Amino acid sequence: MSHIIQFENVGLRYGTGAETLSDITFSLAKGGFYFLTGPSGSGKTSLLKLLYLSQRPSRGLIRLFGDDMVTMPRDKLPMYRRRIGVVFQDFRLVPHLSAFDNIALPLRVSGVAEKDIDHTVREMLNWVGLGDRASARPATLSGGEQQRVAIARAVITRPDVLVADEPTGNVDPDMAARLLRLFEALNQLGTTIVVATHDLHLLNRIPGAHIMRLADGHLPDPTGTLRNPPLREPVAV
Amino acid sequence: MKLDLDKIDIPFLKAPPHEARLLPEGRMAGPMPWVIAIIMFLTILSAAAGLSLARSATGLDADLAGRVTIQIVEANPQKRAAQTAAVEKELARMTGVQSFRRVPDAEVSALLQPWFGAEALDEDLPVPTLVDATIDSTAPGAFATMRSAVVAVAPSARVEAHAQWLGPLTRLLGSLTFLAWMLVVLMGGATLSIVVLAARSALNTHRETIEVMHLLGSTDAQIAQLFQRRIALDALFGAGLGLAAALITMLLLRGRLAAVGSELLGSVGIGWAGWLFLLLMLVVSAGLATIAARTTILSALRRIL
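First to last, the protein sequences are chains A and B. Going from the first sequence to the working numbering is simple: count from 1 and add 1189. Going from the second sequence to the working numbering is simple: count from 1 and add 79.
These are calculated hints, taken from the structure and not from any lab test. Only a predicted model underlies this, so the values are computations on that prediction, with no experimental measurement involved. All C-beta atoms in this analysis are idealised placements derived from N, C-alpha and C, irrespective of residue type, glycine included. Worth double-checking, as some hints may not be accurate.
[Stated by the list, open to error] One-sided excerpt, in silico: chain A residues whose CB lies under 7 Å from chain B:
id : residue
1  : 1267
2  : 1270
3  : 1271
4  : 1281
5  : 1283
6  : 1285
7  : 1294
8  : 1295
9  : 1298
Generate coordinates for the entire structure from the input sequences, incorporating the hints supplied.
What follows is the structure in structure tokens.
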């Protein structure tokens, strides 16, 4: 399957207000790397919510992994969510769990045996530079450390799709570069990456990535590449 | 003193350590186990009262069934003696009469002595003759047939079925039994309400955790499992505490009743089946609490995508 995510004329409205997203149409190629940009309030977070199945659209069609998510029964959605890693803008770490347990949560939700969890989580903690903070609770971690835990939690299951909302907003440039290399490595393994960001430097670091610019809830696509993205290999590191 | 409910070792209720960490200690416990303990205490006492009253009513019915007292109310001693003899002869002849016994005069005098005094009960005071009989209460019309036959040979005879004059008491016992079981049902409803409130409160307390787990792909059943296990443990603890307190109270009351020495009160009891039933209520209440918690949580989870 070439397109892992497809949006067709998607609209999102909260309550009876105006549409936050209107006529969003795009397709994301499997193994692609995408940046989602746009000014504050343009609808980036709402679009990501639709991507990680936190919301259903008010209208339009969303297909994930070839299946229609708009009409999908809600009891089937968890299996799709497990294939999507999410880095939330506000991290959403469980406050009373240690960094280790927060990162292990997706594995436990997926039913991975405890004996297989320890090694995987410790390796991931070391990778994000928090090997010595395994038992620390989020409140005792800095903003950057919390963000790294959130990223580690999102990628620990090697998801098919990784959705990240401002994933480098609270880390220093060195750590941002390091985290981006993690995303690239995941992308090399076939994960489709969608990163919402304001950071223009970040856009330049991945030359082959597509850029989706949201403006006032619309996603202009003058060249048509978002509707029909070229089938491509993962970006070169 | 802080009770650590997770240290109560019940294998099927024991959460794996990582699941126990998802719901921090103490947050779920709150007042629920204590409220359930109080309700369970009252429920067990009501149920015990219901069982005991039902047993007493049944026992009374069994005791009174077919028992009849015949009074020969005749002032003339010769006529009284003649009618008594005729009644005894008639009773002996009737097939529906299982047994009869003329109450000895000394026994009748002993019954009357507290009211009239020993001196008043002399030869001049006409005292009715009493005959106790037991008839086959299952035979239709047995009492009416027997009364007609007795009155025919002894016009001064008054025939009274014990069930007739103790009827109001048995009906009262029946009403009290019904009331006791109604209280059990109402308190069961109160327990379920407490569990529902506790489950909702727990969901609110852990809303962030639930949302995160939900977005990471947890199923509703996985999330409900976390809560229902803790609620079951809380309910079991509360119900156990309430049951223990109620049983101690009942044993104390039993001692007091025995000390009264009354024949009627002395018959109050629930039997071994009753005790077993009360113990079973512990398991049933914990089971119902778990089901109520699961239903509440699943219903709340269904409101989020």
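Evaluated hints:
1. 1267: holds (5 Å)
2. 1270: Interface hint status for residue 1270/A: holds (4 Å vs cutoff 7 Å).
3. 1271: holds (3 Å)
4. 1281: This interface hint holds because 5 Å falls under the 7 Å limit.
5. 1283: At 5 Å from the nearest chain B Cβ, residue 1283/A passes the 7 Å test, so the hint holds.
6. 1285: With Cβ-Cβ at 5 Å, under 7 Å, it holds.
7. 1294: holds (6 Å)
8. 1295: holds (5 Å)
9. 1298: holds (5 Å)
No hint from the list above goes unmet by this structure.
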